[in-house]
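Peer 1: Chains as they are written, first to last, in the working numbering: chain D, 1 to 642; chain S, 1 to 191.
Please note: incorrect hints may appear among the correct ones.
Example chain D residues on the side facing chain S (calculated, C-beta under 8 Å, incomplete) [stated by the list, open to error]:
| # | residue |
| --- | --- |
| 1 | Asp-58 |
| 2 | Tyr-60 |
| 3 | Leu-61 |
| 4 | Gln-76 |
Here are the computed distance ranges between Cβ atoms for each label pair [to be verified]:
| # | chain 1 | residue 1 | chain 2 | residue 2 | range |
| --- | --- | --- | --- | --- | --- |
| 5 | D | Glu-112 | S | Lys-70 | 55 to 65 Å |
| 6 | D | Leu-74 | S | Thr-97 | 32 to 42 Å |
| 7 | S | Glu-183 | D | Glu-112 | 45 to 55 Å |
| 8 | D | Arg-130 | S | Lys-90 | 49 to 59 Å |
| 9 | D | Cys-105 | S | Thr-97 | 24 to 34 Å |
Just so you know, these hints were derived from the structure itself, not from any lab. Every residue gets a Cβ at the ideal spot worked out from N, C-alpha and C, and that includes glycine.
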Amino acid sequence: MASSCSQALRHHVCKSSRILQEIVIPKKKTWSKEAVLQALASTVNRDPTASDYRFQDDPYLTPKTSSEFKLFSLSQESGRNAAKYFISTYPKYFQKDYAQPHIPCLMPETLEAQIEEVSEAALIERIQMRKVKAAVDLYDQLQQAGTPVSLDVTNQLLDLICFYGDCDPAQENVPEQRNEETEDVQDEPQTKKGRASKASDKLKAAWKENNNAERIFALLSEPNTHSYSALIRGMVKYGAYSKAFSTYTDLLNNQLKADVSTFNALITAAPEVKEKYNEKWELIVDLLKQMAEQKVKPNLLTLNAVLKALRRCGTVGKSQAFPVISEMRALSIDPSLASYNHLLSIFYKPGAPFQGQTDILQEVMNEVSGKSFTPQDPDDAQFFITAVRICLDTKDIEQAYRVHELLGVGENWRLLGNDFQQNIYHARFFSLLCMMENIDVVLKWYRDLVPSVYYPSSNVMRDLLQVLDTDNRLDLIPQIWKDLKQLGHGNRQTLVEELLTLMAREKQNQEVQETFAECALDIKKMYDTGDRGKVMMSWTAGSLSDLVSVLLAAQRRQDAWEILKLFKTHNRVPSEELLDKFLTCIKESGDVNQALELVQISAGFCLPGTPKLIQRVQQEFLLSEQQKSMLSDLEIQTFNSD
Amino acid sequence: MVFSADAITAPCAAGGSNALFCKNMATSLVRKTKLLSMVSSQLNSAACFRNIHCTAACLKNRAARIRVAKGDKPVTYEQAYHPHHIGHRKGWLSQHTSNLQGEDGAAERVVEDVFIRRFMYGTFHGCLADEVVIKRRGNLLLICAVMIQKLLPSKFYFLIGYTEELLSHFYKCPVKIEMQTVEEKVVYKYL
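Throw the hints in and build the complete structure from the sequences for me.
Peer 2: Now the structure itself:
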């Protein structure tokens, strides 16, 4: 048997050696320096019990509300800025270089320009340090001294001025005065209704008449494509749209060709200079044709500019959007998330009713699912917010899940935007969940997202309460109340009143009723303590009655009695049903004195139901002579007052 | 000044006529050294101590030990155990690889540690509940501190951001702080 085995083995080896004639040595793989870290990171999911990575892992130092989140991250940033101030003020203590290889970002920054003499090198240095005014002054000095400045450097200077709008970067918050030029624009203010509020328009500086850019441009003897490009893009960025077009005509008159970024800027400006949708579209088509004539290849930003302009073109936009995308695809320009964002905005206008366009979102999601995107356009960050808004408006939970899944693919989490945008995204997603899904799914997402990623506002918490109500899980209310207190919504009157109403509405079983009573007493504490400038809530008749009902249902007569006294102190009138209920409860315990006091309270409020109460007491309770006489006095009193 | 009597008598041993002269010289020399030793012994007696110290005073018996006193001084775990308990009942406050065979830079690490401890003590003044633990992982400098909840969390974060940024620029390596807070200093016993 051994020999037959070895024979079989030899046979097998011969066969395999014949097959493996050629040994192909694979190419050596090179891994990036962070490959190991990335591989390790891919094995770990997000921890839903931990807070953001910026914060320390300690209960005292974890933010519990969204305002705390903002406060802590901002204070950490301001600490860093304080350190940077010291480092830049005393750089000589930070010069010693221990690091091998050299780490440039840990060396002190030189904030002041080093080269002092009036020369081109000094101008280049100031341009690199983004000192707009200093660079312009130096350029003027150079001109006066008669030193020729090369065209490249002048172009760089023009770039700098046009990018920052002729003011230094640190002073961006100072609103510039509007001049007549921008008001001359043919576009009526009405078309700006859909855009962001006017406050942001005021913050951005306006393109001033005869500012430094135009002046320096005029001084140039032979402006080239780059100079024109810088000027046009600056004009478009700061709102001088018609001027941009006239500069473009100048460029054509000088027999120069424009480059792709000039065309992108002009396409962005096109909807501003024309009124009617057709005219806007024709202008854009005209520009694209000129681009083809001048043999300028469009890029991704061209596609995005066209789509963004089509948002302002109404119905024309809807018909032309898809052809544009397919043409660009033919030129091997793949749409980025920004293009899809513009596409969705063209078809789903906020606030407008939908007429059967629900499948566009689905098509877009089919296109983008499973792909990892890199940031290529500033508007990429708007995609997720727009997509989830559309899902919320069309109540499409499937697509919302797909959008959320896309967020988990590769690097896409970077495209969610800053903290504010993340908050909007999560708020919309969670509201949609509350609207569409049952309580178990909602609670699963709730535990996943809150509070590690998202701090819900009081509106969203009200949506959550509605879901609890719909699915008849009111027993979870005490837990939600604890979360509400932690999130800082414990003193919002409408929310708290709604909680009380939900608790008081139906009678639950015994244990749940106990927890409700505890919760209700806790809520009462929130009304009492107005410490440290917190917003004070005021009792209403409804909330007090609800509180009393909850306590009565849990057989806590003593606590309910205390609350009943609060009616008087806060000038609120109890309802008859409440007093009736109270009387029934008192009857169970058989405390006659309390019953009499109740009747007296009712008489004190001059309630119309007092005679009925008196009758009930007379019938149901065993009264002594004194008590009977007191009751009959009260009866006469109420009879007289009627 | 120390004469070796043997060295001087040895060459004189050759000539016999010189023997008496040599013997006289030898006896006088021996008398001189005896005188010298008497003087120096007197000098070293309890009356006068004026020696030169060439090494630093280590005081190994007194370092990092809190002596037992009346019983009202609260002492943390770290302070209660003496240095010979390191490795047995205590851990190390500073963790780096410079003390391994073939590694250098131990002295520089010590100097850095001293600076960092003083920096933390001063920046978070009155907030430190216990000694700062410094860990080095590759390039990263990790400062682990336990703080008392004396300041508001926003103030803590301001100081954390400031410390991380300043020390990163100073030591040209990423510096991270891991902080834990306690309500008050954790007392192990009273000495």
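Peer 1: Could you check the hint for me, namely that Leu-74 (chain D) and Thr-97 (chain S) are 32 to 42 Å apart, CB to CB?
Peer 2: Holds, since Leu-74 (chain D) and Thr-97 (chain S) (Cβ atoms, about 38 Å apart) stay within the stated range.
Peer 1: Given Leu-61 (chain D) as an interface hint, is its Cβ closer than 8 Å to any Cβ of chain S?
Peer 2: Holds: closest Cβ of chain S sits about 5 Å from Leu-61 (chain D), inside 8 Å.
Peer 1: Mind checking the CB of Asp-58 (chain D) against every CB in chain S and telling me if the closest is under 8 Å?
Peer 2: Where the cut-off is 8 Å and the nearest Cβ of chain S is about 5 Å from Asp-58 (chain D), the hint holds.
Peer 1: Within 45 to 55 Å: is that where the Cβ-Cβ distance between Glu-183 (chain S) and Glu-112 (chain D) falls?
Peer 2: holds (47 Å)
Peer 1: Once the shortest beta carbon distance from Tyr-60 (chain D) to chain S is found, is it less than 8 Å?
Peer 2: holds (4 Å)
Peer 1: Is 24 to 34 Å respected by the C-beta to C-beta distance linking Cys-105 (chain D) and Thr-97 (chain S)?
Peer 2: holds (26 Å)
Peer 1: Was the hint right that Gln-76 (chain D) lines chain S, CB cutoff 8 Å?
Peer 2: holds (4 Å)
Peer 1: If I claimed the Cβ atoms of Arg-130 (chain D) and Lys-90 (chain S) lie 49 to 59 Å apart, would that claim hold in this structure?
Peer 2: holds (53 Å)
Peer 1: Take a look at whether the Cβ-Cβ distance between Glu-112 (chain D) and Lys-70 (chain S) falls inside 55 to 65 Å.
Peer 2: About 60 Å separates the Cβ atoms of Glu-112 (chain D) and Lys-70 (chain S), which means 55 to 65 Å holds.
Comparing the model with each numbered hint stated earlier shows that all of them hold.
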